[in-house]
Each structure stands twice: as structure tokens, then as C-alpha cells.
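Assemble chain B with the ligand onto chain A, guided by the hints.
As they're listed, the protein sequences go chains A and B. If you use full-length UniProt numbering, the first sequence corresponds to residues 1 to 197, in order. If you use full-length UniProt numbering, the second sequence corresponds to residues 1 to 274, in order.
Treat the hints as calculated values from the structure; they're not laboratory data. Just so it is clear, the structure is predicted and the values come from calculations on it, not from any experiment. It is possible that some hints are incorrect.
[Stated by the list, open to error] Pairs of lysine-lysine residues, derived as DSSO-like cross-links and limited to a Cα-Cα distance of at most 30 Å, are as follows:
#: 1; chain 1: B; residue 1: K33; chain 2: A; residue 2: K77
#: 2; chain 1: B; residue 1: K101; chain 2: B; residue 2: K231
#: 3; chain 1: A; residue 1: K149; chain 2: B; residue 2: K10
#: 4; chain 1: B; residue 1: K230; chain 2: A; residue 2: K76
#: 5; chain 1: B; residue 1: K145; chain 2: B; residue 2: K43
#: 6; chain 1: B; residue 1: K52; chain 2: B; residue 2: K33
#: 7; chain 1: B; residue 1: K196; chain 2: B; residue 2: K52
#: 8; chain 1: A; residue 1: K124; chain 2: B; residue 2: K10
Here are the chains, one letter per residue:
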Amino acid sequence: MNKYNLNNSFKAVVIGGSAGSFQGMVKILSQLPKGFPLPIIMCLHRLKHVRNGFVEALSIKSVVQVTEPHDKENIKKGGVYLAPANYHMSVELGHYFALSTEEMVNNSRPAIDITLSTCGFVYKEKLIGILLSGANRDGAQGMRAIHEKGGLTIVQEPTECMIDTMPKAALAATKIDHVLRVDQIVEFFKELDKQYR
Amino acid sequence: MQDIDIADLKRISELIHQKYNYDFRNYAMSSFKRRVLRIMELKKLTVDTLLKKLTDTPVFINEFLDELTVNVTEMFRDPSFWRVMREEIIPAIMLNHKQFKIWHAGCSSGEEVLTMCIMLKEMGILQDVTLIATDLDVNILERAKTATYPIKNMELNEKNYIRFQGSASSLKDYYREENGNAIFNRELFANVSFRKHDLVLGEIFNKFDLVLCRNVMIYFNQSLQNEVLKKFHESLFKYGYLAIGSKESLIWCDYANRFIVVNNEEKIYKKIKD
Ligand SMILES: C[S@@+](CC[C@H](N)C(=O)[O-])C[C@H]1O[C@@H](n2cnc3c(N)ncnc32)[C@H](O)[C@@H]1O
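Chain A extracted, bound-state conformation (with noise of 0.2 Å):
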């Protein structure tokens, strides 16, 4: 079986989330199958100036390890990444990172919408991009680059977050594929990983 008509093509999963997120993203990360083999790339907003915890937090019951990528930092196959406090996070061309300081965007620094577009730049169809629960509309604009790039994009139920404008914003401004409860998203990475074995 395979629910989601998923192959081993895509090459990088870009998630996004506010208000309301960070238990589904726990959740999703503690039960992400062993060496899950594309990279995750996790935009959330956050406390602007504190710079530590929020790593620590995320990866206590993950699996693996949160890491806040470095500046020009090379993207590594199964290697799952947090934007900064503070700092846009774009994905380059020739797959890295690079950091920047610009004016906030949709008043937030990160913002959702510039990690998710670069990624649909970069990665084009091989792309997943994941709307989580958040209270302001960034990454809908991402969602709709991620869409227009071939990706496939997917968004939280509405009705399980504790915010819905996010999904809810992403769902207006463009094609959504999936519309999913967080224990389905973890299905849905299940079903991806085996695609690699």
C-alpha cells in the first residue's frame, strides 16, 4: 500500500510552523522513522532574542539531532535543521545555507515564506513543504512558490491546530495536496522512508 502515491524522488522536506506548533513538531520529530534520508529543514518562529533552548527542546525526544545550521553550512542527507533565532534562513543552489538579518518579513525574522520559497527554488518537485498551526499568515506565499515549483505541499487540519490562520491562509493561496492530522503526518514520513529502502 502506499496512501500518500509517494517514490523515492524528493530530495528534502521544509516545514514551517507558529503558534501552536512545536508540540505537533516534537511529535513528528520523536516518532521520524531511523535514518529518515532527506534532510529537514524546520522554519518556526520564535522567541526573537533568545538564542538557546529552543534546539535543546526540540531535540529532546526527537531522534535525532536539531541542529542550527552556520552560515554557507552544506545541507547533509538526513540532517534536520532549525532557522536561527533572529535570522532569515534561505537554501542556496548548491545546497547550503546562507543566513541573513534582512527587515522582518510578514513581522517575523525568520520567516516562514523565505526558507519555504528558496527551497522550492532549489529543490523544485523534489520538494515537500509542511504548513503546521501558527496565528499570521507567513508561508502561505511560501506554500504557493513550493506548489508553483511542482512541490508537494502539505498543511496541518485546521481543525486539530490551535491556531488555524496559518493553514487556513496557505489553503487560500494556493493548491494544497494534502490536508493532515499531525499523527497522519507521521504516517505520511513513514510511508516516505520506506521508499528509500
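Below, chain B with the ligand without anything else, positioned relative to chain A:
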């Protein structure tokens, strides 16, 4: 929002290079692209009209550079960095030199230099230090010289200062409020000279005991970072210090082995080899 492809971005950076002698050809592509798109949107230009404007209107270049560069900065950015400066780095420099020189490369609107001056003043040594603050962007340098910031920025600056644990009860001790601005005491800048300098094409112009270049090289690609690090190496006295942004790294640069890491968390390095 319009899009722009890489070939057009290259046409723009080639034109600027040939006509105005600024070299953005090795800037990181993703942010360079966003900056150019932002200018096109702000000025209601297309790629063609932008190229034409850059060709026909030489006075446009300063405004263009001001918008192209990312000038976002804050006082006491990363308070823990400034605590390490105060408690370890500056005292280490002072062990050997009563008077010393600091270079702020890519100083933007001056918050970082002002931070340094306030810290040195609180340490009682401001009069012993010569500071040079440089940037490529002449418009932002003019703003930096005024030591004037919108009052709305002060909330964040003040928060950082509290976490830095400065010796004054508030940054208010250093500025007066006027027309929605915080105007800092100009005496803090008595030993600072602001100069235009381009890290990419500019010459080495002095030797320093401490160089700060934070959140500037993130706009460069790796090969340019590599070149610029060589310039910092040459601009430092042996055993001088280099500080970069908290999320930058030098490990892949050719000259990395001429430095040792003094503080990995705060990204402070020391030159140990010529
Ligand atoms: C984000 S600001 C950094 C301000 C401050 N150092 C900080 O960390 O908050 C980056 C600055 O680097 C300057 N810059 C960019 N390219 C440069 C170059 N080639 N030479 C000198 N300055 C440059 C920009 O004009 C901008 O003011």
C-alpha cells in the same frame, strides 16, 4: 511580486562593477535576489528600466547601494557577546597595550560602534581606544555619525543593555529624547572616525588589535568570505582578535589555521600566525 532570473541578476552586478566599481558578483545569491526585487518594487522598475536607470543616472547609485545593502542592526546585539568582550577580550588586549585600535567593518547605522563606546566608557578606558568604523554605504555612514535613532528602536536596545548588565541603570543615561529620536551624547564618538571602505575591492589601510565584522560576510559567498578573511588577517596585529556574527563560521577558509578559536559560542578568534 515580480521574479528575476539569475542571468538578469548577473547583468545588474556586471553593470555595477564596470560602471561604478563595486563588486557584488560574489554576494550570496538568495539575499542579493531579494534585495534587487525589493528595489524594483520600491522604485516601480522592471529589470530593463533598472538597468537603464543605473546606466543613465549616476547619482542613483548611492541610493541603490543604500537599498541593496542590509543595514538592520541593533545595540548590544547578542548581549552575551558583549559580556565576553568586557570580561575577557578587552582585558586581554589591555594586558599588553594601554592604548589600542578597533575596526568595525560594516558598521551600518553605527549601533555596534556606539555599543563598543558605551562599554569602553563604562570600563573607564574610552579615551585610550581609537576606533575606525567603515561601511560601503555612504548614506548609512552619514546616519551613523549622528548617533541618532528612532525612539521605537530603544525598547529592544534597552532590553539588550539590561541583559548585558551595563553599569548604568538605563541607556537613557547616554541619550536625550527629541522629536521621537534618541540622540546619543556625541562625546561617545570622540575617538571614532567613520569612513567609506569597501571590503571587497578596498585596500588594507591600517593594523588593529580587534576587528569586528559581524553579520556582514553572511552576504558573501564562500569564495568571497575566503578572500575577505585574508584581508582581516593582514589588518590584524599578531595576537589580535577577530569577531564575526554568532552564526558565521570560518572553518572552511584557507586562512582558518592562522587563527585560534577564543570563544566558539560568541565566534571570537585570535590571529596566531602571520
Ligand atoms: C547587517 S549590517 C551589520 C551591522 C552590524 N555589524 C551588526 O552586526 O549588527 C551589514 C553591513 O555591511 C555593509 N556591507 C555590505 N557589503 C560591504 C562591503 N563590501 N564593504 C563594506 N561594507 C559592506 C552593509 O552596507 C551593511 O551596513
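Okay, the hints, checked on the actual structure:
no.: 1; hint: B:K33 - A:K77; result: 26 Å, holds
no.: 2; hint: B:K101 - B:K231; result: 16 Å, holds
no.: 3; hint: A:K149 - B:K10; result: 22 Å, holds
no.: 4; hint: B:K230 - A:K76; result: 28 Å, holds
no.: 5; hint: B:K145 - B:K43; result: 27 Å, holds
no.: 6; hint: B:K52 - B:K33; result: 18 Å, holds
no.: 7; hint: B:K196 - B:K52; result: 26 Å, holds
no.: 8; hint: A:K124 - B:K10; result: 22 Å, holds
When each numbered hint is compared with the structure, no violation occurs for any of them.
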